[in-house]
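Asks: The lines below spell out each chain.
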Amino acid sequence: MTMKRTGWMAAVLAALLTAGCMSTVEYGDATSMKPISTDFGSADLQMIAAKMVDSLLADDMLMQDISMNGQPLLIVDKVKNKTMQHIDTESVTDSIRTKLIRSRKFSFQDRTTEAALQEELAYQQTAAQDAIAMGQQDAPRYMLTANLSEIEQRAGRLKDVYYKFTMNLRDLKSGRLIWADEQEIRKQKTRSIFGS
Amino acid sequence: MKTVLKWLGAALAAGWLAGCATNTTGITVGAGTDAEGNLQEVLQVDNAKLARRLEVASVKTGQTKNGLLKANVRLASKMTKTFTAQSKFAWFDEDGVEIDPDTDSWRPLVLHGKETKTVQGVAPSAAATAFQLRIRTGDKTKWIIH
Chain A
1 MTMKRTGWMA AVLAALLTAG CMSTVEYGDA TSMKPISTDF GSADLQMIAA
51 KMVDSLLADD MLMQDISMNG QPLLIVDKVK NKTMQHIDTE SVTDSIRTKL
101 IRSRKFSFQD RTTEAALQEE LAYQQTAAQD AIAMGQQDAP RYMLTANLSE
151 IEQRAGRLKD VYYKFTMNLR DLKSGRLIWA DEQEIRKQKT RSIFGS
Chain B
197 MKTVLKWLGA ALAAGWLAGC ATNTTGITVG AGTDAEGNLQ EVLQVDNAKL
247 ARRLEVASVK TGQTKNGLLK ANVRLASKMT KTFTAQSKFA WFDEDGVEID
297 PDTDSWRPLV LHGKETKTVQ GVAPSAAATA FQLRIRTGDK TKWIIH
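Keeping their order, the protein sequence lines are chains A and B.
In terms of the working numbering, the first sequence is residues 1 to 196.
In terms of the working numbering, the second sequence is residues 197 to 342.
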């Protein structure tokens, strides 16, 4: 009686454990916010982009100033990655630029596709009957520049990483910085007593 | 010995099953003008435990100078301990259709003991006339955002 009972329980436990051992693959939520490590993650990127865009769009005085002659034309500079990690900072600026373009309050120039554009225009001069003349692009008036830095601190089992993303809007004519905002993020990891 | 094993087995099974699926329900707060221009407020509570810990102090909407809807929600914590929640905005146009669904990400919301915090959002386009702020506790988070 007891042997059968313990045997049955052992079988149930074994079934439960082995079910947990199989590897699973499933689609996750792209907007979820669960931190996996203290490294710079996708949710950090989304938060930074959202904060910068909200801040730009909500700044009434700035929007009035730069939209005086119609929709302002901006260009985005590469983000200076001052962290020790390899981070694709272009994806942060891509997110910011996409949201701003979709708000229909800003226009952007994109220098990263300049080579493709020049190639197409050069080809059009030779082959197209209504070719676009070269040298007709609009010049951007404002530039978005940004910095991403991190400060890491360790003490015993605690690892604390602090990220700061600073973004500036610069008037290319006067050289002045007319808008700035920053987003600070802190991630903490406490190692368990047994292993990591 | 037998009863110890039985309780141990039951506890292990319960613990294993509890870790399987987290409760991700929450509270939805919203406001907006409907087709006739009347202000409509929404407060939907799906998680009673969260409603005991969190109170919606005020909901304000405004417009930026260039016609974008601004939303301002003040949340007050009723707990004495720090607790972390997540929040996300959803924006609706005048037909009640959600604008760009599922593009805004969950943002962490950290409330210290009895703290009142303001969550602000700006609509992604000028077509928005109503908003909803969704709050949930969901997946455990250990972030502190300043």
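Simulated from the structure, these hints should not be mistaken for lab results.
A quick note: this is a predicted structure, and the numbers were derived from the prediction, not measured.
Even for Gly, the Cβ is constructed at its ideal location relative to N, Cα and C.
Keep in mind that the hints are not guaranteed to be accurate.
[To be verified] Straight line, CA to CA, 30 angstroms or less: simulated DSS-like cross-link-like pairs of lysine-lysine:
1) A/K82 x A/K164
2) A/K4 x B/K198
3) B/K266 x B/K245
4) B/K202 x A/K159
5) A/K34 x B/K202
6) A/K4 x B/K245
7) B/K202 x A/K164
[Stated by the list, open to error] Anything over 10 angstroms on all C-beta distances counts as not near chain A; from chain B, calculated:
8) N243
9) L264
10) K266
11) K277
12) S301
13) T312
14) S321
15) Q328
Asks: Does each hint hold? Answer for all of them.
Replies: How the hints compare with the structure:
Restraint check for A/K82 and A/K164: the C-alpha separation of about 10 angstroms stays at or below 30 angstroms, so the hint holds. A distance of roughly 12 angstroms separates the Cα atoms of A/K4 and B/K198; the hinted pair therefore holds under the 30 angstroms criterion. Proximity of B/K266 to B/K245 is assessed by CA-CA distance (about 29 angstroms); at most 30 angstroms being required, the pair is judged to hold. At roughly 40 angstroms between alpha-carbon atoms, B/K202 and A/K159 are farther apart than 30 angstroms, so this suggested pair is violated.
Proposed proximity of A/K34 and B/K202 is contradicted: the alpha carbons are some 35 angstroms apart, above 30 angstroms. A hinted pair counts as satisfied when its Cα atoms are at most 30 angstroms apart, and A/K4 with B/K245 does not qualify at roughly 43 angstroms. At most 30 angstroms may separate the alpha-carbon atoms for a hinted pair to count; B/K202 and A/K164 exceed this at roughly 52 angstroms. A cut-off of 10 angstroms between C-beta atoms confirms that B/N243 is not in contact with chain A; the least separation is 17 angstroms.
Not every Cβ of chain A is farther than 10 angstroms from the Cβ of B/L264; the closest lies at roughly 6 angstroms, contradicting the non-interface assignment. Annotated as non-interface, B/K266 brings its C-beta within 10 angstroms of a C-beta of chain A; the closest such distance is 6 angstroms. With a closest Cβ-Cβ approach of about 17 angstroms to chain A, B/K277 is found to remain outside the 10 angstroms limit, as its non-interface label requires. Under the 10 angstroms C-beta cut-off, the non-interface status given to B/S301 relative to chain A is violated; the minimum distance is some 4 angstroms.
Separation of B/T312 from chain A is adequate, the least Cβ-Cβ distance of about 20 angstroms exceeding the 10 angstroms criterion. Annotated as non-interface, B/S321 brings its C-beta within 10 angstroms of a C-beta of chain A; the closest such distance is 6 angstroms. For B/Q328, the condition that its CB be more than 10 angstroms from all CB atoms of chain A holds, with the nearest at approximately 15 angstroms.
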